[in-house]
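Novice: Next come the chains, spelled out residue by residue.
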Amino acid sequence: MSVLNEISQLIGDVKGKKPLVHHITNYVTVNDCANMVLAMGGSPVMADDLAEVEEMLAFASALVINIGTLNERTIQSMITAGKKANQLGVPVILDPVGVGATTLRTETAAILLKEVRFAVIRGNMSEIKMIAGLNVQIKGVDSIASEENGIEIAKALAVKLGSVVAITGAVDIVASLDHVCKISNGDKMLADVTGTGCMSTSLIGTFAGVTKDYFLAAIAGITIMGLSGELAKERLTKDQGIGTFKVNLFDEISKMSAETLLSRGKVE
Amino acid sequence: MSVLNEISQLIGDVKGKKPLVHHITNYVTVNDCANMVLAMGGSPVMADDLAEVEEMLAFASALVINIGTLNERTIQSMITAGKKANQLGVPVILDPVGVGATTLRTETAAILLKEVRFAVIRGNMSEIKMIAGLNVQIKGVDSIASEENGIEIAKALAVKLGSVVAITGAVDIVASLDHVCKISNGDKMLADVTGTGCMSTSLIGTFAGVTKDYFLAAIAGITIMGLSGELAKERLTKDQGIGTFKVNLFDEISKMSAETLLSRGKVE
Amino acid sequence: MSVLNEISQLIGDVKGKKPLVHHITNYVTVNDCANMVLAMGGSPVMADDLAEVEEMLAFASALVINIGTLNERTIQSMITAGKKANQLGVPVILDPVGVGATTLRTETAAILLKEVRFAVIRGNMSEIKMIAGLNVQIKGVDSIASEENGIEIAKALAVKLGSVVAITGAVDIVASLDHVCKISNGDKMLADVTGTGCMSTSLIGTFAGVTKDYFLAAIAGITIMGLSGELAKERLTKDQGIGTFKVNLFDEISKMSAETLLSRGKVE
Chain A
1 MSVLNEISQL IGDVKGKKPL VHHITNYVTV NDCANMVLAM GGSPVMADDL AEVEEMLAFA
61 SALVINIGTL NERTIQSMIT AGKKANQLGV PVILDPVGVG ATTLRTETAA ILLKEVRFAV
121 IRGNMSEIKM IAGLNVQIKG VDSIASEENG IEIAKALAVK LGSVVAITGA VDIVASLDHV
181 CKISNGDKML ADVTGTGCMS TSLIGTFAGV TKDYFLAAIA GITIMGLSGE LAKERLTKDQ
241 GIGTFKVNLF DEISKMSAET LLSRGKVE
Chain P
1 MSVLNEISQL IGDVKGKKPL VHHITNYVTV NDCANMVLAM GGSPVMADDL AEVEEMLAFA
61 SALVINIGTL NERTIQSMIT AGKKANQLGV PVILDPVGVG ATTLRTETAA ILLKEVRFAV
121 IRGNMSEIKM IAGLNVQIKG VDSIASEENG IEIAKALAVK LGSVVAITGA VDIVASLDHV
181 CKISNGDKML ADVTGTGCMS TSLIGTFAGV TKDYFLAAIA GITIMGLSGE LAKERLTKDQ
241 GIGTFKVNLF DEISKMSAET LLSRGKVE
Chain F
1 MSVLNEISQL IGDVKGKKPL VHHITNYVTV NDCANMVLAM GGSPVMADDL AEVEEMLAFA
61 SALVINIGTL NERTIQSMIT AGKKANQLGV PVILDPVGVG ATTLRTETAA ILLKEVRFAV
121 IRGNMSEIKM IAGLNVQIKG VDSIASEENG IEIAKALAVK LGSVVAITGA VDIVASLDHV
181 CKISNGDKML ADVTGTGCMS TSLIGTFAGV TKDYFLAAIA GITIMGLSGE LAKERLTKDQ
241 GIGTFKVNLF DEISKMSAET LLSRGKVE
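Residue numbers (UniProt numbering), protein chains in the order written: chain A, 1 to 268; chain P, 1 to 268; chain F, 1 to 268.
Think of the hints as simulated: they come from the structure by calculation, not from any bench. Worth double-checking, as some hints may not be accurate.
Chain P regions said to be covered by chain A (calculated; three or more residues, Cβ under 8 Å) [as the list claims (entries may be wrong)]: (1) 11-17; (2) 67-78; (3) 90-102; (4) 177-185; (5) 237-249.
Pairs of lysine-lysine residues, derived as DSS-like cross-links and limited to a Cα-Cα distance of at most 25 Å, are as follows [claimed, not checked]: (6) Lys139/P to Lys18/A; (7) Lys212/F to Lys139/A; (8) Lys233/P to Lys238/F; (9) Lys84/P to Lys18/P; (10) Lys266/F to Lys18/P; (11) Lys233/F to Lys233/P.
Just so it is clear, the structure is predicted and the values come from calculations on it, not from any experiment. In this text, a Cβ means the ideal position worked out from N, Cα and C, and glycines have one as well.
So that you can see chain A by itself, here it is in the shape it has in the complex (with noise of 0.2 Å):
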């Protein structure tokens, strides 16, 4: 079965088992990933405090962790929320906003990284890099860096840290520890929305609570993003702009059918 074919079953079996996705997230898209969730027919939770993470992950079917706005009490929820996670089997997954931004962030990125295993990694190509110890120039949280050699960097990193490896910018790349892809789908007005990155994790974590091939579920996820994005552009007319964009994004988003996939998703 070809992989369109495979992320195509995905979109079913999230409407049918509607998976519990725990985010520890940061407060600037947290409403945004919680209705990307929704759209896709997955059930989000958000809930950050040391006291309750450990107990919500009894009902979650994944937990994704954004570094997007760090402080010292959400910080530990996420290590121990990690380790929770891990214990149960639920699949993690990691975006590191901004790592290498601040030493804050590389520092709890590099703790997450040793304390927790994650089944998928997402970022730009700045923050990969990053973690993958190469040499990057950074500024914020947007991705200033060439997208040269992406797929080896993805396969390196995939095989360093046991973790699907997932680089999104113009063309998409997915590494796991013996296959890769890359996803030819997006719009570069997704570049134009704060925390599309964060949805397209958020969307990750939702299919990796429906599959234990965290590969697929992290090319369902970005596949999914980037092609609601081409239709929601596509949909623009000549007076709208971002605001109608973004709109449009999830709608497409939760208007998302096989067929369409099929037809339109670009995976190789």
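Place chains P and F on chain A using the hints.
Specialist: Okay, now just chains P and F, sitting in the frame of chain A:
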């Protein structure tokens, strides 16, 4: 005068008085809650630090306490603000998001119910059953409980706590010490947007800011949310989805008129 | 060159330089502020922990401090970041949300004004009067103060603090040490969306990231927000309301051109 006539008049009262609705709420849906209050004609204020919650209440017409994301700092603020509101005669509305899902949520709700008199408590069936001490299965913050016996459960809890109790679901139930009503407005797409429960609670708070009849305030908030959901759905075209639905929902709240409410409200 | 010509050129400068605008802001409107900066062509970053704010400033072209939701942790970060920005020559913009409503807000604003030099301070009439030490009635975070004598108040405060002072309302006023101007763009629906004040401040921060003329940056941010509000309102059809207005607002910001600004801007 019919209930629909009475709640129709409250719409004008809100626009005339512009009640300040103080929220101590979660960071997931806080923006939508603020925009809901504004769309209805009220004035929202979100302030959660212990150092300012009592002072902010001096101007407030209602206080909404929503436990969607808890931490030690905000729990203290909730208790202190709730007690102060009781002293000042400011009605307090509770949204016990995800109570039962974790000990932190359950214990926080228990402390709040012990220390604060609530004018209205609004939750989904899982949450209300949990507060009523009934046996219930919990999974995250979305309800999976059976909606049978809602009227009996709401009435018993209203009597036990001396609060108006509202259960929202396929059919909504509102009970006071001596009255009960069912509301049949709504659309299932409302469950696919995060925070429509929170937003209903914020609308109840807005109406509780202009009437001492909190039973009526609860009916008003819930009916208007449900009816706006219906109207939002009716305007959807075939190529639209959940993003446009949410936009339409805010449109309909802001346009809600006594006429629409009288002709389309389903309160019995 | 006219003021409108000058601010028209800033639009291109923002898209060319993509200034990083560091925010320490409230959790209510943070997502909209980030999306505003992106829609205009800047790059937003939200980081509020004391452990990283100074380091993040190393890349920043401007710092926006918004006191919409305060707590002890973020107050320290605001003071430290503001001082560091002063050292680095990064312009700091203050949005004193709800100052006067509580002692915490009033004292925090006072400390910030004592410890940090602000390039621009933007508030509604209640907030600016409060900062100017004038007698003013406060209710929550929405202004209820008279808009009389705005020019005198703004000029006096600009001289006293050595900052550009902007008062937004039915007519907006911007004053520097030696200049003052009035902006007549805008639509009253802007007041029905939470955070349009915060978003204006974020736009000012974005423009302050590409020019050292902070008087001009303030005029640019406020004029573009007001004009986008007008255009957003003009596109509304009869069956639409505040939800669509907000979407249109982001559309218009992202589409704003020098031509539109030159033909429709009302700056005198």
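Novice: Would you mind marking each hint as holding or not holding in the structure?
Specialist: Structure-based check of each hint:
1. Coverage of the stretch 11-17 of chain P by chain A is violated in this model, with 0 residues showing a Cβ closer than 8 Å to a Cβ of that chain against a need of three.
2. Coverage of the stretch 67-78 of chain P by chain A holds [criterion: at least 3 residues with CB-CB distance below 8 Å; count 5].
3. Using a Cβ-Cβ cut-off of 8 Å, 3 residues of the stretch 90-102 of chain P lie near chain A, which meets the minimum of three, so the contact claim holds.
4. Counting residues of the stretch 177-185 of chain P whose beta carbon lies closer than 8 Å to any beta carbon of chain A gives 0, which falls below the threshold of three, so the coverage claim is violated.
5. Coverage of the stretch 237-249 of chain P by chain A holds in this model, with 8 residues showing a Cβ closer than 8 Å to a Cβ of that chain against a need of three.
6. Restraint check for Lys139/P and Lys18/A: the C-alpha separation of about 11 Å stays at or below 25 Å, so the hint holds.
7. For the proposed pair Lys212/F and Lys139/A, the alpha carbon gap of about 21 Å is at most 25 Å, so the pair holds.
8. This hinted pair checks out: Lys233/P and Lys238/F have alpha carbons roughly 17 Å apart, not beyond 25 Å.
9. For the hint pairing Lys84/P with Lys18/P, the CA-to-CA distance comes to about 22 Å; that is within 25 Å, so the pair holds.
10. Between the alpha carbons of Lys266/F and Lys18/P the distance comes to roughly 30 Å, so the proposed pair goes past 25 Å and is violated.
11. In summary, the hint linking Lys233/F to Lys233/P is supported, as the alpha carbons are separated by about 23 Å, within the 25 Å threshold.
Of the numbered hints listed earlier, those contradicted by the structure are 1, 4 and 10.
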